[in-house]
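There are 2 protein chains.
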Amino acid sequence: MKTEDLSEAEVNARHAEKMRRKKEARDKIIATKTIEKGLLIVHTGKGKGKSTAAFGLVFRALGNGMKVAVVQFVKGRWQTGERVALEKFGDQVTFATMGEGFTWETQDRARDIAAAKAAWEKAREFVMDAEHDLVVLDELNIVLRYEYLDLGEVLEVLNARPRMKHVVVTGRNAREELVEAADLVTEMEQVKHPFRSGVKAQRGIEF
Amino acid sequence: MKTEDLSEAEVNARHAEKMRRKKEARDKIIATKTIEKGLLIVHTGKGKGKSTAAFGLVFRALGNGMKVAVVQFVKGRWQTGERVALEKFGDQVTFATMGEGFTWETQDRARDIAAAKAAWEKAREFVMDAEHDLVVLDELNIVLRYEYLDLGEVLEVLNARPRMKHVVVTGRNAREELVEAADLVTEMEQVKHPFRSGVKAQRGIEF
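Heads up: the protein sequence lines correspond to chains A and B, in order.
Per our numbering, the very first residue in the first sequence carries number 1; after that it's consecutive.
Per our numbering, the very first residue in the second sequence carries number 1; after that it's consecutive.
Because the hints were derived from the structure by calculation, they are not lab data.
It cannot be assumed that every hint is accurate.
Given that identical chains are not distinguished, each listed pair holds provided it fits within a single copy or across any two copies.
Simulated pairs of lysine to any residue, SDA-like, Cα-Cα distance not exceeding 20 angstroms [what the hints assert, rightly or not]: (1) K192 to I30; (2) K23 to E8; (3) K192 to R172; (4) K23 to I113.
Can you build the whole structure from these sequences, using the hints too?
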């Protein structure tokens, strides 16, 4: 019998049976997942959405009453819009801006290294403290890639964090050792970008 | 001369020159991008972060004083955390829950189609109105994939939207025609998932 010969009721019945089997399989998997722990999450890849998804996690956590810290390793990455939105949550959120930080606008390597180290000192405190539930290390991958920070030292701190602490690391070109250490890694792949058709970056969307 | 023979000052000077060239190339590209328009953005792929990045865009837009509407095509996808966070922005944001909507918990195809159609009616209003700057159609891809809605009709509405309206569509398995119509498409690829090591979904991170 071909599908086209089925009545609407039969199509619906088959669909119901298929979905029931899917749900059963899904419930079985979920039942085996019992460990609760803070996750080390990495957003990498060349596509958009790495910092934006971290920003989404921040608001989900804030909505759940959690305390959040954000450390920005590249200057100006999170701009007015994000700041204004975060201010609504008062002292539930700590935002660390790192003076000049790394930026495409300067070419001073020595100063960038000093800024990365200062940002890392702050990050280490947030990662190790008992206060913040979620810590976002925005664009940490870029300073690790340029070797402005010692990867071994960063991993040591991440591995020594309190058991329930969630950490999100963003930036393209995540180092392999960090991916190894992570619980959840998503690669944002660029399929299509508006720049290709001459569209400029726009307020509220790109910044 | 090998790199190892360079003094610290020489390394820094070379770095400065390399970065100056990078910035120059980047500025040149940006200068050619002059079109301002509402973007059709698609987040697809099997990885995490599709809805979360849409959620991040919502808060960036809200922080910029824009008005936002969210339509949820799969029930329970955006939960308490998101809702509580959105409530901070009062009537800057409209959240449309679609009664039962599509859900893995039911297997009633006829009811799911009716719910998808009701959600789409609401979505069409938001996409076409002069009030909302950004509209998120969360998990629309899944109902398009199941053919609960007519793809041609959906594309027709998206293409006819006001010039400055931004629309974000999420969900795995985006239809090819939608990808064609979009300005910005990101595929979230799953590199590593905590389920694999028995870790369960956790409040504030997964929901």
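Evaluated hints:
no.	hint	verdict
1	K192 to I30	between (34 angstroms within a copy, 17 angstroms between copies)
2	K23 to E8	neither (22 angstroms within a copy, 60 angstroms between copies)
3	K192 to R172	both (17 angstroms within a copy, 16 angstroms between copies)
4	K23 to I113	between (51 angstroms within a copy, 18 angstroms between copies)
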